[in-house]
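Colleague: Could you put together the complete structure from these sequences and hints?
Each chain, letter by letter, is given below.
Protein chains: 2
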Amino acid sequence: MIQVGVLLSGSGTNLQALIDACQGDFPARIAVVISNKEEAYGLERARAAGIPAIHVPHRGWGSRAAFEAKLSETLGEHGVQWVACAGFMRILSPAFLDQWPWRVLNIHPALLPSFPGMDGQGQALASGVRIAGASVHFVDSGTDTGPIVAQAATFVSPMDTRDDLVARILTMEHKLYPMCLRMAAEGRLQVKDGAAMVQLAHGEALLLLDPALLADPTQGA
Amino acid sequence: MIQVGVLLSGSGTNLQALIDACQGDFPARIAVVISNKEEAYGLERARAAGIPAIHVPHRGWGSRAAFEAKLSETLGEHGVQWVACAGFMRILSPAFLDQWPWRVLNIHPALLPSFPGMDGQGQALASGVRIAGASVHFVDSGTDTGPIVAQAATFVSPMDTRDDLVARILTMEHKLYPMCLRMAAEGRLQVKDGAAMVQLAHGEALLLLDPALLADPTQGA
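Residue numbers (the numbering used here), protein chains in the order written: chain A, 1 to 221; chain B, 1 to 221.
If you are wondering where the hints come from, they were derived from the structure by calculation, not from laboratory data. Since we're looking at a predicted model, the values are computed, not measured. By construction, the Cβ of each residue, glycine as well, lies at the ideal position given by its N, Cα and C atoms. You can take every hint at face value.
Across the chosen pairs, the derived CB separations fall in these ranges:
(1) B:A66 with A:H58: 57 to 63 Å
(2) B:D193 with A:L214: 28 to 34 Å
(3) A:A212 with B:S93: 40 to 46 Å
(4) A:D98 with B:H58: 46 to 52 Å
(5) A:R47 with B:G203: 46 to 52 Å
(6) B:E39 with A:P27: 55 to 61 Å
Below, computed lysine to aspartate or glutamate pairings styled on DMTMM-like, alpha-carbon distance capped at 20 Å:
(7) B:K70 with B:E38
(8) A:K192 with B:D160
(9) A:K175 with A:D163
(10) B:K70 with B:D98
(11) B:K175 with B:E204
(12) B:K192 with A:D160
Modeller: Shown next as structure tokens:
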């Protein structure tokens, strides 16, 4: 059983999806949830699930290195082997990442490399794309630039509000992240020559499609 | 019946897809094909279809403005109302585009805004994305930056060679471009506030999916 540490800053809906996945037949468990924001609702979700929920503020340490050392120490104390960022709004430095070599995943609400950084969904709407989605990728020291593990796609409707698109992508995120964490926990995921390499299990995909894409010919197929 | 001018520089497979579409019940006909390269096989395709095929070299005019004036003049002489770039490897200046205000379309082998410019397919492979495709967009004076009309998506396999991906995307391009040209020819396509606006016909989509995405769960669904 692989021990996972989750880093977040906000409401933690992706954390919830991972918690729910861990209730079933799943090769990982969440050993600790860390938030740099004390008020993050994700900490409540962790507590409700009986998972240690720890606030590590990003200010007050005098340096980013000290903040990140505290993160690493806390993860280590809980026996963490893989780290999953789930709405964690801090960039991790190479010094931190070197302590977790290709062991940190992130989920981003866009079809990377399009729309990295803040508000991937709003960026997608503003640019007029017809397809959007989410990406799980290894974290490197850039902003959403690390090797892509898998992606999920959905449509963008000209009628969409930002909330519509956020919700549609979120539904896909909640399928995508547990799938990728399973790959990691089962030792089927690594980085080779700068690219993510996955040994696919039966029925598994590196691309998930929103079923609505297939159902409504005026939007998808 | 709308008159279309096609600009190209190469083999013209997208031209062929448009020629084939025009054989059927289609609201446009191709009035002229212009290539800046004399040896472009697209000119042969045009001649074989009985379409005026004209070589307008991009060199020898002394200025880009003079080259583009010749393009515009040639299009005008053939009664062209919409211009379709199909592998045309020259950037069009604002002066040219002002003569064809939001009347020039292009097809690019990537899910824009990812991978504009040269070799969108090779860029996609190198970046490790799991989804790729093509975009039809209005041409502005940037490189593949104009308002997106519609997109087509297919999978990327870790086993893909560049040729594999090129071919898979091309199959989708050949469905996407005639669909978008039909929208234009039927007066259902315009640009408003910098975004492409389409009145969809029954069964029409702004996003086409490769059927293989749906068929093979290890690659797509």
